[in-house]
Amino acid sequence: MAKIEARLSKLGITLPAPPTPMGAYVPALTVGNLVFISGQLPREGDRMAVKGKVDTEVRVGFAKQGARLAALNCLAVLKAEIGDLDRVKRIVRLTGHVASVPGFIGQPEVMNGASELMVEVFGERGRHTRMTLGVPVLPSDATVAVEMIAEIEQKALKHKGTKTRKR
Amino acid sequence: MAKIEARLSKLGITLPAPPTPMGAYVPALTVGNLVFISGQLPREGDRMAVKGKVDTEVRVGFAKQGARLAALNCLAVLKAEIGDLDRVKRIVRLTGHVASVPGFIGQPEVMNGASELMVEVFGERGRHTRMTLGVPVLPSDATVAVEMIAEIEQKALKHKGTKTRKR
Amino acid sequence: MAKIEARLSKLGITLPAPPTPMGAYVPALTVGNLVFISGQLPREGDRMAVKGKVDTEVRVGFAKQGARLAALNCLAVLKAEIGDLDRVKRIVRLTGHVASVPGFIGQPEVMNGASELMVEVFGERGRHTRMTLGVPVLPSDATVAVEMIAEIEQKALKHKGTKTRKR
Numbered sequence: 001m002a003k004i005e006a007r008l009s010k011l012g013i014t015l016p017a018p019p020t021p022m023g024a025y026v027p028a029l030t031v032g033n034l035v036f037i038s039g040q041l042p043r044e045g046d047r048m049a050v051k052g053k054v055d056t057e058v059r060v061g062f063a064k065q066g067a068r069l070a071a072l073n074c075l076a077v078l079k080a081e082i083g084d085l086d087r088v089k090r091i092v093r094l095t096g097h098v099a100s101v102p103g104f105i106g107q108p109e110v111m112n113g114a115s116e117l118m119v120e121v122f123g124e125r126g127r128h129t130r131m132t133l134g135v136p137v138l139p140s141d142a143t144v145a146v147e148m149i150a151e152i153e154q155k156a157l158k159h160k161g162t163k164t165r166k167r
Numbered sequence: 001m002a003k004i005e006a007r008l009s010k011l012g013i014t015l016p017a018p019p020t021p022m023g024a025y026v027p028a029l030t031v032g033n034l035v036f037i038s039g040q041l042p043r044e045g046d047r048m049a050v051k052g053k054v055d056t057e058v059r060v061g062f063a064k065q066g067a068r069l070a071a072l073n074c075l076a077v078l079k080a081e082i083g084d085l086d087r088v089k090r091i092v093r094l095t096g097h098v099a100s101v102p103g104f105i106g107q108p109e110v111m112n113g114a115s116e117l118m119v120e121v122f123g124e125r126g127r128h129t130r131m132t133l134g135v136p137v138l139p140s141d142a143t144v145a146v147e148m149i150a151e152i153e154q155k156a157l158k159h160k161g162t163k164t165r166k167r
Numbered sequence: 001m002a003k004i005e006a007r008l009s010k011l012g013i014t015l016p017a018p019p020t021p022m023g024a025y026v027p028a029l030t031v032g033n034l035v036f037i038s039g040q041l042p043r044e045g046d047r048m049a050v051k052g053k054v055d056t057e058v059r060v061g062f063a064k065q066g067a068r069l070a071a072l073n074c075l076a077v078l079k080a081e082i083g084d085l086d087r088v089k090r091i092v093r094l095t096g097h098v099a100s101v102p103g104f105i106g107q108p109e110v111m112n113g114a115s116e117l118m119v120e121v122f123g124e125r126g127r128h129t130r131m132t133l134g135v136p137v138l139p140s141d142a143t144v145a146v147e148m149i150a151e152i153e154q155k156a157l158k159h160k161g162t163k164t165r166k167r
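Residue numbers (our numbering), protein chains in the order written: chain A, 1 to 167; chain B, 1 to 167; chain C, 1 to 167.
Calculated directly from the structure, the hints in this document are not laboratory data.
Since the structure is predicted, the reported quantities are computational estimates derived from the model, not experimental observations.
Check each hint, because a few of them may be wrong.
What the simulated footprint calls covered on chain B by chain A, stretch by stretch (three residues with Cβ under 8 angstroms from a Cβ of chain A suffice, anywhere in the stretch; the number is not a length) [claimed, not checked]:
1. 20-30
2. 103-113
3. 128-137
Sample of chain C residues with no beta-carbon within 12 angstroms of chain B, all distances over it, derived [claimed, not checked]:
4. 3
5. 10
6. 28
7. 49
8. 65
9. 80
10. 98
11. 102
12. 113
13. 114
14. 134
For glycine and all other residues, C-beta sits at the position ideal for the given N, C-alpha and C.
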């Protein structure tokens, strides 16, 4: 069994089906060894599970769960794109947008829901750079949106002599 | 005639002059085979053609035209950077910021104005990843801002086997 | 003495200590020849030096200083990541988020505080692409957040045991 799948299983995490895009775009795309994941929301299937602005309509703890759910959707999309999560070399970047009332300044705590998931699942390879900001409103009134860039191992070259290049 | 230019012509699209930056930055920059385009607004020359927040000051349909116009400006800047739009291998990423009143949640429909243009112009190569969010306000009161990353074909190596690495 | 360090010295700029992340993420990360820097705020050590929304709580001129301070923190983190700022080949991308009241539309002028610093320090290599937007609120009530991508020179391939690190 693949290592990351075993880890997910041990953590009791079942990846959801990758959400369908909400517009005229694709969920993921690979350029060289970078995989770009479209912004993901805390959706469970067609249902937006965590909605509203943090601090008034949604509490921080629940918003954090929303960030984790959006990040799970990122992983589901990533797996669909690359086939096997063991190919992940590094989670490079998370950007988190937190729907906030203007007085709320605790966005980093909310985004930790996404960040902590990455470290649980990938260990050291899950430690990423991050940008977090407050936004007034997100598509479908989602509480949080997470976008991701991941680095993957290059597929081995099949017939190019002996592969000796180290990264 | 170049293929993409022919397609633009057939679609009745004339690329505008690339807008001048609104601050101390450059409109585009190439790193390896990735081209980064600075955020573009729905400007027509010096005039901001689509201004105000969606849903109250601007209707969704007009905002969508604004997203298309901002995306056209992205293409104008891209062409100025790489010379020939036939070199585009893939539109990698669009990020869309939609100036929204807090109750407006239809940002994806607005950004489809940009996304659909990319598919019209580049076909399969125009299918990109995307992140869309609501923001309270944009520079010069623009309704929408679009930023882009594109992948281009590497220029052919001149002399096979005599690789001259550039610094 | 390294060139960029000499330039900083001549400009009277002392880089601060790189700020510690405000959540479960890392300050910087290198993929190939790209360095991703996590979003930086106008912090001086543990103190948020420039707080509040532009135009009402904070004036534009002071907000611009905040952008410069956030950009200085980016450089501090970059130096910690790559060891020597002379390795910078190009500042690729700055994204600026300016905490704004909905009526404020002068975000580019604020972000010039960050952009101008890059050109002062790196000259032509500091000329970057940029995206600037207004947000309702930032972590810890910061006035501005700056994220950065830089391109670096690849390290020369070394022979094992003959470490010739350049300064």
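Here is how each hint holds up against the structure:
| no. | hint | in the structure |
| --- | --- | --- |
| 1 | 20-30 | violated (count 0) |
| 2 | 103-113 | holds (count 9) |
| 3 | 128-137 | holds (count 9) |
| 4 | 3 | holds (16 angstroms) |
| 5 | 10 | holds (20 angstroms) |
| 6 | 28 | holds (17 angstroms) |
| 7 | 49 | holds (22 angstroms) |
| 8 | 65 | holds (15 angstroms) |
| 9 | 80 | holds (22 angstroms) |
| 10 | 98 | violated (9 angstroms) |
| 11 | 102 | violated (5 angstroms) |
| 12 | 113 | violated (9 angstroms) |
| 13 | 114 | violated (9 angstroms) |
| 14 | 134 | violated (4 angstroms) |
Violation of the numbered hints given earlier is confined to hints 1, 10, 11, 12, 13 and 14; the remaining hints are satisfied by the structure.
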